[in-house]
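Engineer: Taken in sequence, the protein lines are chains U and E.
Here the first sequence is numbered in my numbering, starting from 1 and rising by one per residue.
Here the second sequence is numbered in my numbering, starting from 1 and rising by one per residue.
Treat the hints loosely; a few may be bogus.
Treat identical chains as interchangeable: a pair holds within one or across any two.
[Said to hold, decoys possible] With a cut-off of at most 35 Å between alpha-carbon atoms, the simulated DSBU-like pairs for lysine-lysine come out as follows: (1) K192 - K274; (2) K371 - K269; (3) K328 - K371; (4) K2 - K183; (5) K192 - K2; (6) K336 - K274; (7) K336 - K376; (8) K70 - K2; (9) K376 - K269; (10) K371 - K274; (11) K274 - K183; (12) K274 - K328; (13) K269 - K336; (14) K70 - K183; (15) K376 - K274; (16) K190 - K2; (17) K190 - K274.
Note that these hints are calculated values from the structure, not bench results.
This one's a predicted model, so the numbers in the text were calculated from it and none came from an experiment.
There are 2 protein chains.
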Amino acid sequence: MKDWIALNMTPGVGPRVSARLLEHFGSAEAIFDAPRRDLGLLRLAPETIECIVNRELHDRAEAEIERVRKLGGDILVLDDGVYPALLRETYDPPVTLYVKGAWEECLDRPCVAIVGSRRCSTYGQNAALMLARELAQRGVTIISGLARGIDAAAHRGALEAGGRTVGVMGTGLDQIYPRDHRKLADEILKHKGALVTQFPLGTPPVSENFPYRNRVISGLSLGVVVIEAAENSGSLITARLAMEQNREVFAVPGNITSRNSFGTNYLIKGAGAKLVQQWQDVVSELPADIAAQMLPPPSRKTKRRGELLDQLQTAPADLSDHERTVLKLLNTDTPKQIDSLVESTGLSITQLTAALLTLEMREMIRALPGKCFVRKL
Amino acid sequence: MKDWIALNMTPGVGPRVSARLLEHFGSAEAIFDAPRRDLGLLRLAPETIECIVNRELHDRAEAEIERVRKLGGDILVLDDGVYPALLRETYDPPVTLYVKGAWEECLDRPCVAIVGSRRCSTYGQNAALMLARELAQRGVTIISGLARGIDAAAHRGALEAGGRTVGVMGTGLDQIYPRDHRKLADEILKHKGALVTQFPLGTPPVSENFPYRNRVISGLSLGVVVIEAAENSGSLITARLAMEQNREVFAVPGNITSRNSFGTNYLIKGAGAKLVQQWQDVVSELPADIAAQMLPPPSRKTKRRGELLDQLQTAPADLSDHERTVLKLLNTDTPKQIDSLVESTGLSITQLTAALLTLEMREMIRALPGKCFVRKL
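Just chain U, with the same shape it has in the complex (with noise of 0.2 Å):
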């Protein structure tokens, strides 16, 4: 463990560095064991090599540790078997992770991060408060990266819900940034949620840091929503960096007039992420037994309904004529095709396509490729 933290504490190693070593050597042990030969084959700094052969962190280290315990935190390593699992797999993980709070409990539950401008609008904010609301009261655990605009936005309405959420930092456990916001860290601590890192005590805030903090909020999280984000913003690097992490990337569309959707909205058009109008586009998004679990009602209820509905050949009773003609003739195995359903309805095209549609948006009804339609179960 102090190998680890001493490593991730050398000058001149970031995680592209120590992804590298790692490559080469196989442990941190194995680094701090090499001859300064084999360390300079890889363009290291000589400070660096000088650094790692002489064990001068090693030390220092092992006050991390004190500090970080007395600051109630705890550090993770690589191969400790705590490290968050979804983090360990992406390419170039953090080495180290400090953490503080009820991480293990946040990121045992299903992981969504919410980000996006910091300079937001109204809207942005709304958006994310709400988002992060309703995921949350539905065990989701919301990750953001405590800065201005969006992320805090989420983390709150996360904390509103009563919910659990995660602040990752790009600066040390000791330094929260921007200040302002260490009643929001507090908070988030109080509510049995918890703040990560993978930067040592003491790391300032550093614009470089910044792009690798928003690729562990994509690292521990199933799926990123991005909520508004100017052209060439961060987030939307955070979104293609999410997509190669090969995680789910959401965004919240807006006002084609608004410079901060802008981004959102180019996402959607040209990266392939995912429209989100309200929780259950991200939630059915999901690994399928993590998304059955939060959209309870509607499939068992209608479920049940069904089965009645199938053998009393009834319909809700708001449906219109024409909506409860062409549920009847649908069934939950057999797709018809629209052409068949005129035969057999006498609508016209228009009204039948109003009618599909309704039963569609009510959720009663699936559409299938090739103009087909079947009931929903």
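Start from chain U and add chain E according to the hints.
Structural biologist: Chain E in isolation, oriented as in the chain U frame:
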């Protein structure tokens, strides 16, 4: 011609019934020559049969032609050789089309429909104005429904740009609806636009006629852009019908907190509509030969610049060092995988992704499946 017009005016003969009659008898002439018995097999109302057998409306059809010509219009019929080809190809096209104005020149150009809510927001109105203006400027004819809200904004946008626009009516050619759009209709005609309707003179606004009007709107167009549509709105039905006519369907996204954007966001999320941020997003989905005419300078200019660049191994001056490095490594023929770019640039995956994203948004490179990238011509 008189047969077609009489058929269209026959009570009980709407687009569906006339399609059934045509399928059975082959032509308008044959329908009027059919024995009463044969007509009886088609489940027609008794007065409809009387009307056909006795050619009751042939005199009125003659008068109708006269009256339309006096109004400065004309009547097209399905097999007259000038009936709009795109509309003719659709399922159940109207048998007659009353036209006024420069309809032929309008429909000879690429046509795109812009439709949406009658009760739209300022945002929707502006988006419609802007898109219509930008498309019309480039020679696209804007088709819409002459209704309040988005429709009117679309017509006005085209007029402002000095472009062509066609108003498709759900009433008779002499019954502008809503009435206060008479000025708009006049302006459309004055500026080499056109009015089109399938309904006989004097047909008042009746709600069941508007869905048929909507099918003519999409039937005349290569694609349909929906700007603002509430849940269960007519515009959503228009979009579905357009899909069934194999038209491209586009939607302009909007804030998820706006009722007016519920339907358009839904179309993008659930129905495969293409998201539109700007006019290029529409044009790029039109048939390649048409799109090529309208998106001229970028491709030609960059090509010439590209050749020079390839020789000189230089790049535009405002690129960052990372972007320049990445661009140099890419060529137009062999896609490069992101991992190999990490190798050869020495950049971190974060830096690399940021550079690739910028180059992609500046349309200098193209992302291919499998995290591969090529330079654009």
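Engineer: Can you name, in rising order, the numbers of the hints this structure does not satisfy?
Structural biologist: none
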